[in-house]
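Asks: Now for the letters of each chain:
There are 2 protein chains.
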Amino acid sequence: MKKAIDRTFAIADKQSEGIYTFGPLIHNPQVIERLKEKGVIPTDDIYCDAIKALIIRTHGMPLHLMEKAVQQGYELIDATCPFVKKAQQYAKLLQEDGYHVVILGDKEHPEVKGLMSYAGEGGTIVTNGREELPALGNKVGVVVQTTQPVEALKKLVSRIIEQSKEIKVYNTICSSTALRLKETEEMARKVDVMIVVGGRNSANTTQLANLCSSIPIKTYHIETADELDRRWFEGAEKVGITAGASTPDWIIEDVKKRIKDRGGR
Amino acid sequence: MKKAIDRTFAIADKQSEGIYTFGPLIHNPQVIERLKEKGVIPTDDIYCDAIKALIIRTHGMPLHLMEKAVQQGYELIDATCPFVKKAQQYAKLLQEDGYHVVILGDKEHPEVKGLMSYAGEGGTIVTNGREELPALGNKVGVVVQTTQPVEALKKLVSRIIEQSKEIKVYNTICSSTALRLKETEEMARKVDVMIVVGGRNSANTTQLANLCSSIPIKTYHIETADELDRRWFEGAEKVGITAGASTPDWIIEDVKKRIKDRGGR
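As they're listed, the protein sequences go chains A and B. Each residue of the first sequence is one higher than the one before, starting from -17 at the first, in my numbering. Each residue of the second sequence is one higher than the one before, starting from -17 at the first, in my numbering.
Derived from the structure by calculation, the hints contain no laboratory data. You can take every hint at face value.
Chain copies aren't distinguished; within one or between two, either way the pair holds.
Using 27 Å as the maximum straight-line C-alpha spacing, the simulated BS3-like pairs for lysine-lysine come out as follows:
hint, residue 1, residue 2
1, Lys147, Lys137
2, Lys(-4), Lys(-16)
3, Lys164, Lys147
4, Lys68, Lys147
5, Lys147, Lys(-16)
6, Lys147, Lys121
7, Lys121, Lys67
8, Lys67, Lys137
9, Lys239, Lys200
10, Lys50, Lys(-4)
11, Lys121, Lys68
12, Lys238, Lys(-16)
13, Lys220, Lys238
14, Lys121, Lys74
15, Lys147, Lys89
16, Lys(-15), Lys147
17, Lys137, Lys164
All chains, full assembly: derive it from the sequences and hints.
Replies: Next comes the structure, spelled out in structure tokens:
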């Protein structure tokens, strides 16, 4: 994600107007604010006359909208996360090979909406393996929203095994997200308070916060250092800090510094 | 399996000598005895001069032995169970497509030995998902001994998901075996004693007996009515009877009759 941010700032430095991102580039409001100051505007309107260059956000973009953007003659700049891109390709491959494509993920998340456009008309989204599965047929292919926990994938596949005879699973969970979850869990078990830094609309940041809370440990999910409250740290000897994939380094450094200085309101 | 038995008896009726089966045709000693009386002999020796026709048993046969049998000029009669045959083809397909083939099953079972010959040199047998998994690589294909319980498959796939990125599963569990397990479990919950009829060397019969014992319910695994003991039924109002896939009807009928007549020693 950091690459996508750097690349977009570089584009904004060269070109001063008409740069849009399809939806927010990443799920971090502070970065989006900085980009706006540089003239990079998030839009959901693919037919806006002011668009010259359209940046595809890290979560990807539905195929039919991408085709429309090309028809509109915009310069398309693809900042799709490589893990998401792989998942899209696998969804397409499965669909072409005659599999009923099942996407494990959050229906409302732009990444999943993008993936769905590669899964074909018969694609099915399953959220966290909880709801009733529809009849999927005998040949089922699975791809996963890159920020899903591996436990959810295991549960889903176990349920598909009960009804289908041929199942092809692409475990498209982002390995750095999985690693961050693991490291965060280890850290959370050793400290008294956990601070999770990142966009409240960021799926992977929220997942980190939920993981810490479930341990259980006192957990605070903040977007910036300004939200810190010194009362949170009363009696705490050790404080753990973790951050989502889309949280920029300057925000993390700011939080670290403020906590070290016994900061917060 | 009953088709294989009928077919073998029909062959024996037409031809009087030189008919061999590679290993016992099915895992039922009483049927094997009857076949022997008809001149159908089980053998493990592929180079026996007396062989004219060689019947491939329901569990299948390793590929290289089949090739040797053809070289020896024997007439080969394939009585491989269609479910086993499918599993063999899937193992071959996975191997050709570059998957590391994992077979879920009992290492010592002839069906698994046969499957293994289709899985290629890199194939791995995993028994019931208990032992440590070796490193399997990123592309793993799974086939299942037809008599395995689906729970074991779910567990195995969950473990593979943790280490591999692309997993293709052929759920080759025999649907009639799975159905028989389900029906047996339902029956066992309603009766006071369960009688499981079938070869003690039959994997699916033993599985039925173990399932009943685990409920728990008083369970007796017998091969023939002669083993019945009237003391087993003292105080019992309802008796359940189930049988393995390879148990012939005449043995089941015999057991039923004997129990109805308050039989046994």
